[in-house]
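Trainee: Here is how the chains run, residue by residue.
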Amino acid sequence: ETGVTQTPRHLVMGMTNKKSLKCEQHLGHNAMYWYKQSAKKPLELMFVYSLEERVENNSVPSRFSPECPNSSHLFLHLHTLQPEDSALYLCASSQEVLAGRTGELFFGEGSRLTVL
Amino acid sequence: SQQGEEDPQALSIQEGENATMNCSYKTSINNLQWYRQNSGRGLVHLILIRSNEREKHSGRLRVTLDTSKKSSSLLITASRAADTASYFCATDGETSGSRLTFGEGTQLTVNP
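First to last, the protein sequences are chains A and B. Take 16 as the starting number for the first sequence in the numbering used here and just add one per residue. Take 126 as the starting number for the second sequence in the numbering used here and just add one per residue.
Be aware that one or more of the hints could be misleading.
Unchecked claim - DEER-style ranges, computed between Cβ atoms:
| no. | chain 1 | residue 1 | chain 2 | residue 2 | range |
| --- | --- | --- | --- | --- | --- |
| 1 | B | 184 | A | 99 | 35 to 41 Å |
| 2 | B | 194 | A | 33 | 46 to 52 Å |
| 3 | A | 71 | B | 153 | 21 to 27 Å |
| 4 | B | 133 | A | 41 | 35 to 41 Å |
What the hints assert, rightly or not - Subject to a maximum C-alpha distance of 20 Å in a straight line, what follows is the list of computed EDC-like cross-link-like pairs (lysine to aspartate or glutamate):
| no. | chain 1 | residue 1 | chain 2 | residue 2 |
| --- | --- | --- | --- | --- |
| 5 | B | 151 | A | 59 |
| 6 | A | 56 | B | 191 |
| 7 | B | 195 | B | 208 |
| 8 | A | 37 | A | 59 |
Note that these hints are calculated values from the structure, not bench results. Note that CB positions come from ideal geometry on N, CA and C, so glycine has one too.
With the hints as constraints, model all of the structure from the sequences given.
Mentor: Below, the structure is given as structure tokens:
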């Protein structure tokens, strides 16, 4: 148990569906992240919410939309995804002492997404 | 890109042997971290080494950092079957606002 909980663990959706991934951290951290892990590729940072500032990777398509209502909760809203978006989506949190300085990341177990 | 690259991509050893994995990166860093991932699970932090440190130990793990060569190594001594996992290095760039970026990982298999 890392203190970071992701739901659902598995999700199958059609290309026209709308779904959301949820992440909750119980560690009192001030930064939360979404990473995408595809087979044979490095972990790809999608979005960061750090010290209430949202930082995003400009290469992330608009069909992925993050939401961070407070420092403990993070969502990833999914809309009209493509089959190539099938991957393991990992949420992580950390305590940033300085803006932009990443310390140890605590990961959830991931949400395995399959887009048909 | 400051992305780390692990070497080898896959490593298979017998229980009791030592396992060494290497990581190279391209730009100056603030720190370098190693993570472990069991199949289908989240990543677990193993060790963080700062740019002004050369070696760090944690149990059976030993990490070295050579900033002149922009490389790091992770040594697991007296390996066990339970050490079977993927191991990733991640670099935190020196530039303010840069984010932790991961390599593709080394798949370690420890045979009983």
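Trainee: Can you confirm whether the C-alpha distance between residue 56 of chain A and residue 191 of chain B stays at or below 20 Å?
Mentor: It is violated: about 25 Å lies between the C-alpha atoms, which goes past 20 Å.
Trainee: Between residue 37 of chain A and residue 59 of chain A, does the CA-CA distance stay at or below 20 Å?
Mentor: holds (18 Å)
Trainee: Please test the hint of 21 to 27 Å on the beta carbon pair from residue 71 of chain A and residue 153 of chain B.
Mentor: holds (24 Å)
Trainee: For the pair we were handed, residue 151 of chain B and residue 59 of chain A, check the Cα-Cα distance against 20 Å.
Mentor: holds (17 Å)
Trainee: In this structure, is the beta-carbon distance linking residue 194 of chain B and residue 33 of chain A contained in 46 to 52 Å?
Mentor: Since the Cβ atoms of residue 194 of chain B and residue 33 of chain A sit about 48 Å apart, the hinted range of 46 to 52 Å holds.
Trainee: Could you tell me whether the CB distance from residue 184 of chain B to residue 99 of chain A stays inside 35 to 41 Å?
Mentor: For residue 99 of chain A against residue 184 of chain B, whose Cβ atoms are near 40 Å apart, the range 35 to 41 Å holds.
Trainee: Verify the CB-CB distance for residue 133 of chain B and residue 41 of chain A against the hinted window 35 to 41 Å.
Mentor: Since the Cβ atoms of residue 133 of chain B and residue 41 of chain A sit about 37 Å apart, the hinted range of 35 to 41 Å holds.
Trainee: For residue 195 of chain B and residue 208 of chain B, compute the direct alpha-carbon distance and say whether it is at most 20 Å.
Mentor: Violated - the C-alpha atoms of residue 208 of chain B and residue 195 of chain B are around 26 Å apart, more than 20 Å.
Going through the hint list in order, the structure does not satisfy hints 6 and 7.
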